[in-house]
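> So the protein lines, in turn, are chains E and D. Numbering of the first sequence is given in the working numbering, commencing with residue 1 and proceeding in unit increments. Numbering of the second sequence is given in the working numbering, commencing with residue 1 and proceeding in unit increments.
Note that these hints are calculated values from the structure, not bench results. A virtual CB, placed ideally from N, CA and C, is assigned to each residue, including glycine. Treat each hint with caution, since some may be false.
To be verified - Derived contacts from chain D toward chain E, CB cut-off under 7 Å, selection only: (1) M36; (2) L47; (3) E68; (4) D76; (5) E78; (6) K100.
What the hints assert, rightly or not - Listed next, the in silico SDA-like pairs over lysine to any residue satisfying Cα-Cα at most 25 Å (straight line): (7) E:K100 to D:T83; (8) E:K179 to E:K250; (9) D:K194 to D:N51; (10) E:K100 to D:E89; (11) D:K5 to E:S296; (12) E:K5 to D:Q11; (13) E:K395 to E:D314; (14) E:K127 to E:K168; (15) D:K127 to E:F367; (16) D:K166 to D:K194; (17) E:K273 to E:S125; (18) E:K100 to D:N93; (19) D:K96 to E:F367; (20) D:K34 to E:R85; (21) D:K166 to D:P130; (22) E:K9 to D:S204; (23) D:K100 to E:E81; (24) E:K283 to D:T83; (25) D:K96 to E:E98; (26) E:K283 to D:L2; (27) E:K5 to D:E176; (28) E:K12 to E:R48; (29) E:K283 to D:L341; (30) E:K5 to D:G271; (31) E:K147 to D:K120; (32) E:K9 to E:M36; (33) E:K100 to D:E18; (34) E:K5 to D:A64; (35) D:K34 to E:T83.
Protein chains: 2
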Amino acid sequence: MLQSKLFTKAQKQAPAGEVSLNAQLLIRAGFVHKEMAGVYSYLPLGLRTLNKISDIIRQEMDAAGGQEIFMTVLQDRETWEKTGRWSDEVVDNWFKTELKNGTQLGLGFTHEEAIAKIMKNYVASYKDLPFYAYQIQTKFRNEARAKAGLMRGREFFMKDLYSFSKTKEEHDEFYEKMKEVYMKVFSRLGMGDKTYLTISSGGSFSKYSYEFQTVSKAGEDMIAIIDEEKRIAINKDDLTDEVLKDFAVKVDRDKLREEKSIEVGDIYSLGYKYSEAFNLKYKDESGQDQMVYMGSYGMSPSRLMGAVVELNSDAKGIIWPEAVAPFAVHLISLDQNEKALEIYKQLSQKGVEVLWDDRQIGAGEKFAEADLIGIPNRMVISAKSLTAGGVELKKRDSDQAEILPIEKLLEKFS
Amino acid sequence: MLQSKLFTKAQKQAPAGEVSLNAQLLIRAGFVHKEMAGVYSYLPLGLRTLNKISDIIRQEMDAAGGQEIFMTVLQDRETWEKTGRWSDEVVDNWFKTELKNGTQLGLGFTHEEAIAKIMKNYVASYKDLPFYAYQIQTKFRNEARAKAGLMRGREFFMKDLYSFSKTKEEHDEFYEKMKEVYMKVFSRLGMGDKTYLTISSGGSFSKYSYEFQTVSKAGEDMIAIIDEEKRIAINKDDLTDEVLKDFAVKVDRDKLREEKSIEVGDIYSLGYKYSEAFNLKYKDESGQDQMVYMGSYGMSPSRLMGAVVELNSDAKGIIWPEAVAPFAVHLISLDQNEKALEIYKQLSQKGVEVLWDDRQIGAGEKFAEADLIGIPNRMVISAKSLTAGGVELKKRDSDQAEILPIEKLLEKFS
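For reference, chain E alone in the conformation it holds in the complex:
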């Protein structure tokens, strides 16, 4: 894409009151626009990155057997009363609205009730199970405070997968698999080495549930690491001697390393809670009615986008990992637009995504904006670079630049 055509431009400052690093950088670099606290619009660069994150998640959910669907924001009262979750005393972050005729509606903050109700139409026999359905969709939570930028949204993107199994055993097998699938997603996002499978208190159907926590000073959670090698931690809120005993941890509670962390995912065994509420049952092989065993698996692409920024920045701006960068290459031409156009065309033909800064502005401004936007590979073509033998190539996370002949450069990115 030609940067002269991109409507966003770097901004000197983030809006007053925006305290989170991720939102400050993403706003200044033109990735997002803040509509209100916890509510962000995605601009061209931001949507590209968000889509890359979503696509990685989608690929892994598909590989795990997930079938993608898209449920609705508008939720009716009757459905949610079946589990008691309509009440504002039970769920304190509903946004509610109503139809013209006065029928009350809520804006979906999760979809267990909605999907259990849908599946009533499709589950009858043991032959219909197990299966897994997921969506990547906008969710709403009426947070009293929203000061963590993209990491705690009032309106945000969520990937939520729901599993429907015949038995607890069948569920457990998938649940274990999802632990690995989740870690694979975080690895692909470049945060695998900072992310821990984190024990937290379970619900009615399992003693423990699991979160995924990524170590970061920007985190709102605190974890205690119990196994560095296996990458297992405990949410500090749930750290008791009993838990340590259950997981055979021999170290004293007070001696565990503690870290601030960002919750980047959670997986729950729901058991029969929702299937009982909606009478979601199947006939087993002997013709007996059995309740479906459910699980839910959440992960927010927009929160992950915020987390990636928190983990990857310096004083100059964002440093995107290759997998989620809005473009692979930032090509900067300094009065050499003709040669740059050739490189731009050839890289584009090879399928390399290039943002070409073709604008007639100073070199300093171009470099500063490139550092702020944070595309991993910067190519500079100038009279100086051509005299030196080609194009200057510099990684965003390195101070080392090298001059490469144009042919070599094209080879490198193919």
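Fit chain D to the known structure of chain E by using the hints.
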């Protein structure tokens, strides 16, 4: 995809009270689930088709120079008060909600105000213009009645593009181009020959605006066709002698052919209405402040999905055009799963999207469900077809079947 893994199954009946043909068929075939009137969840087959429609629109918007963004559902009162559109007396289909602190919010039914406000950050000079931004996103309209299935949603998908130009002349050029871009989209969706560029009453900034109307008995509009060759019509609500004179139509008002039609798109010249409300201006080449000239261009992927069904069905079910079918091929095996697996693998390797009905159920049930789902190419492999020399190939919209040797079949789909 293996149909045995697909969680949806054909249903005998649509929910009571669902009167529209498109929703009846889409529900029965498992494409969508009705949450409430005008509010549908998209199930695997439905999301595939919706995404194909959205992708066609996206390709054409990108080709026209559009930059994709994603704005928010939650809209603040202050922004919309600037144009007077916050008032429920001015806009009668708002869904409204509020933050914990009592701040009133609305759910976006369109985004002119939101985008004009965003662009305040990015438009300063004539060098920044023109540009075009669009989104494909969920919109909300609190319709008193919603009986047209996917064609009139309370929650629905919208592609809305906004143009920002220096002058009326620059705007007019893009506006004319968009007439062609829109017709190209409808052609790709297989409804080009039934769609008319339709004159309707203009706003403050142009005498006429334009809708795109597709002739269908399911339509809620009525058009009068004034030029069959150039495919131009007038919305009957706006049919006056003056309009006929302006467009040099010599035929009597009463003699024009009238047709029921579905509004599948609309394009507006907004002039300075929103730029004045938000003080969205730029410095021209002589350093003078000028207001930005805006346009907006709407088209709903979900309404189009409903319209495609209204235009393409028979007593047995849906007949998808190739471009938007959830799969290109419906492979049906009757006790020949081994051979079918080979064909499935080979077609998939060639990139052909195949739904393979590998279930152990009767032939009649398989055929009926295939006709209901409406995938354009049906392949049947059975002992009978193999004896006859290969695989039976039948188009959904034809009664003629042919037997093709497997090699020929694979050649045909590559």
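> Between the alpha carbons of K100 (chain E) and N93 (chain D), is the straight-line distance 25 Å or under?
8 Å, holds
> Can the restraint linking K12 (chain E) and R48 (chain E) be considered satisfied, given a maximum Cα separation of 25 Å?
Given pair K12 (chain E), R48 (chain E) holds - Cα atoms ~22 Å apart, limit 25 Å.
> CA of K100 (chain E) to CA of E89 (chain D), is that 25 Å or under?
13 Å, holds
> Are the Cα atoms of K127 (chain D) and F367 (chain E) separated by 25 Å or less?
20 Å, holds
> Are the Cα atoms of K5 (chain D) and S296 (chain E) separated by 25 Å or less?
19 Å, holds
> So if I understand the rule, the pair passes when the alpha-carbon distance is 25 Å or less; does K179 (chain E) with K250 (chain E) pass?
The given pair, whose Cα atoms are some 24 Å apart, holds under the 25 Å limit.
> Do the numbers back the hint for E78 (chain D), that is, is its least Cβ distance to chain E under 7 Å?
With Cβ-Cβ at 10 Å, over 7 Å, it is violated.
> Regarding the pair K5 (chain E) and E176 (chain D), is the alpha-carbon distance no greater than 25 Å?
Holds: K5 (chain E) and E176 (chain D) sit about 21 Å apart, inside 25 Å.
> Decide if the proposed pair is consistent with the structure: K166 (chain D) and P130 (chain D), CA atoms, cutoff 25 Å inclusive.
Between K166 (chain D) and P130 (chain D) the Cα gap is close to 6 Å, so the pair holds against 25 Å.
> Mind checking the alpha carbons of K194 (chain D) and N51 (chain D) for me, to see if they're no more than 25 Å apart?
23 Å, holds
> Would you settle whether the hint for K100 (chain D) is holds or violated, based on the nearest Cβ-Cβ distance to chain E being less than 7 Å?
This hint holds: K100 (chain D) lies near chain E, its Cβ roughly 5 Å from the closest one there, short of 7 Å.
> Does Q11 (chain D) lie within 25 Å of K5 (chain E) when you go C-alpha to C-alpha?
With a Cα-Cα distance of about 49 Å, the restraint between K5 (chain E) and Q11 (chain D) is violated, given a limit of 25 Å.
Violation of the numbered hints given earlier is confined to hints 5, 12, 16, 19, 22, 24, 29; the remaining hints are satisfied by the structure.
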